[in-house]
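Protein chains in written order, with this note's numbering: chain A, 1 to 380; chain B, 1 to 284.
FYI, nobody ran anything at the bench for these hints, they're computed from the structure.
Keep in mind that this is a model prediction, so the values were computed, not measured.
We put the beta carbon where it would ideally sit given N, CA and C, even for glycine.
A few of these clues could be false.
Unchecked claim - Here are the computed distance ranges between Cβ atoms for each label pair:
| id | chain 1 | residue 1 | chain 2 | residue 2 | range |
| --- | --- | --- | --- | --- | --- |
| 1 | B | L256 | A | S321 | 53 to 59 Å |
| 2 | A | D184 | B | G126 | 34 to 40 Å |
| 3 | B | A121 | A | C130 | 21 to 27 Å |
| 4 | A | A79 | B | P61 | 44 to 50 Å |
| 5 | B | F149 | A | Q281 | 48 to 54 Å |
| 6 | B | L104 | A | C379 | 44 to 50 Å |
| 7 | B | R185 | A | E192 | 56 to 62 Å |
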Amino acid sequence: MNRNCRTLGLASGFALMLALPAVAEVRIGVLVPDSGPAGLFGPSARNVAQLALEDINAAGGINGQPVRLIFADAGVPPAQAVQSVVRLWRGEGVHGFVGMHDSAVRAALVGQFRGQIPYIYTPVYEGGECAPGTWVTGETPAQQLAPVLPWLAENEGATQWYLIANDYNWGRGTSAAAREIIEDFGGAVVGEEFVPLGTSDFDASLQRIRGSGANAVLVSLVGGDSVAFNIGYGAFGLDDRALRLGTLIEENTLAGIGAAGSNRLYAAAGYFGNIETEAAQAFAARYHESFGADAAPLNTLGQSVYDGLLLMAALGNAAGSMDVAAIAEVADGTGISTPRGEVLLAGNHVAQNVYLADGTGGSFSVVASFDAVSAGVACE
Amino acid sequence: MTETALLVLLNLTWQIAALALLALGLAIVFGLLRILNMAHGEFVMLGAYAHVLTAQLGLPPLMAVPLCLALVGLAALLVERLVVRHLYDRMFDSLLATWALSILMREAVELVWGRAYRNVALPVEGVTELGLVGYPTYRLLVIAAIAGFFLVLWVWYRRSLTGVRLRAMVSNPALARASGINTARLSAMAFVTGCLCAGMAGLILAPVMAVEPNMGLDALIRSFFALVVGGLGTLEGLAIGVAVVGGLQAGLSAALSQTAGYLGVLILAILFLWRRPDGIYRRR
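Modelling step: build the complete structure from the supplied sequences, incorporating the hints.
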């Protein structure tokens, strides 16, 4: 009898706990890579999410309700990511998702959501995502390259391009976008090459670049591949012959490449840790105040989670609810101010500033910036 | 044209030299102890991180050499005493144990130094002009050093008393023990030496690689292919293996594409595992 009573008490206790999420709050699922090849970007992504949470709640949350973030590891295979996302969605009643992960995971999630819950995808990617209920803040190849390639042609004489890329959708997409822009302004593509992900030895590629007569190289390699390529490039002294441009060379990659390998290595992105605008400087100062001087370095991938969360809050507030149909009504034209500058939804992608930085000497300095560049993705 | 040919030849030499250095440790441990050390790549990685530790301690760059020997040697000795010595003659168990060990070492290094890429500055910068083409000076120095080292090693193994004892232990452990050779000590020494070679390979190649906690896997795979092709367990086999694998990869990459180079090596390795598991150079 006594035991039954206790069981009953326990059961009602659990029922109460289950009912608890009914407390008025907006729950946002934040999908960041804690593991896997992109795990390097997990710490900075989590840190900036914390800052975004402070800012959103200080400004009154979403529709007057405080926001709570629930994190999940998105550095896992797609099927596994879908499992944890469904757990957050159906189990914890998450109202919207902000994701910084690879395209394979995005494709799986879009298939799972089917436009039933607002989802914002934030990292640099190859472009082309048009699923309903999905908004994209990450830089696309067209966005990064359209203003930058003509600028490099005019100011650095970069007209003969060699394109080297990892052989997967982002690398292929970036090379294709570059070719179009280069041919548009009258430059020429003198060589194009795709290498498998995980290549560590680039001697043969470097030899082809030397023989191609290129005066510029577009490096669309990721992570360790990019580090190994650029180290070899510097060691062979090719930096005197041809400048390099990358659209995914961020602070961590540059640190791996080092000073000797980074002469005339340019990077184009929507964000760098040391952009010299007031908003960006204040953001960086606050980041290091909150997480220490030796916190994971700020970079465009990690920082994108801040923009994603701010946009989610702006959309929820503009729509007056987190209902995906209501948000879709008001989304176009919604804008936010972030460390990147003014970010404005046009369609389901954003127009944003693009910065060109020179990595010579092993650290970035911004040499040109381009305002409100379109993502160049037109969805039906 | 001759310019390109010279460059291809130099790249080929570099590939083979670097691969020989990477694979030596794995060859020693397998040849002498019949243990496929799956943590081989992690000892390479540990050697590379000796540079990072040296910089952190504010020591001059050359101190990375003794630091590497101490760090890797200590780790290898610990591993031999605690794990590996119980698994001699148990090939599959030792494979699993060292695989687990490799995961442990990766995680430990990530815990201490984080996942970030580490740059190791070239000790010798610049390009040396060799008639028609310039080649990175550091690479030329490393090629020369590796060639000299292997020559000495080969002579030592053939001529010295320890070499004789080692060969006795490999061909007949029971008889070697009966003749008064302390095979337990010899085995420990062989394992530590193999790991030290891996560590030194990491130390020497770190300035030309992306240094991060997961870098070891690539080193293990490439070394393994070289051993499969050349034949496990002899210096001669190792030399043939690295020449064939390194040459094939560099040649196909230069002639066709990187993908072709990678594919060629994979196909070759599969063919050898399938048709000729003893490799080209059979132990007599």
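Hints that the structure is at odds with (numbers, increasing)
Those not satisfied come down to hint 3.
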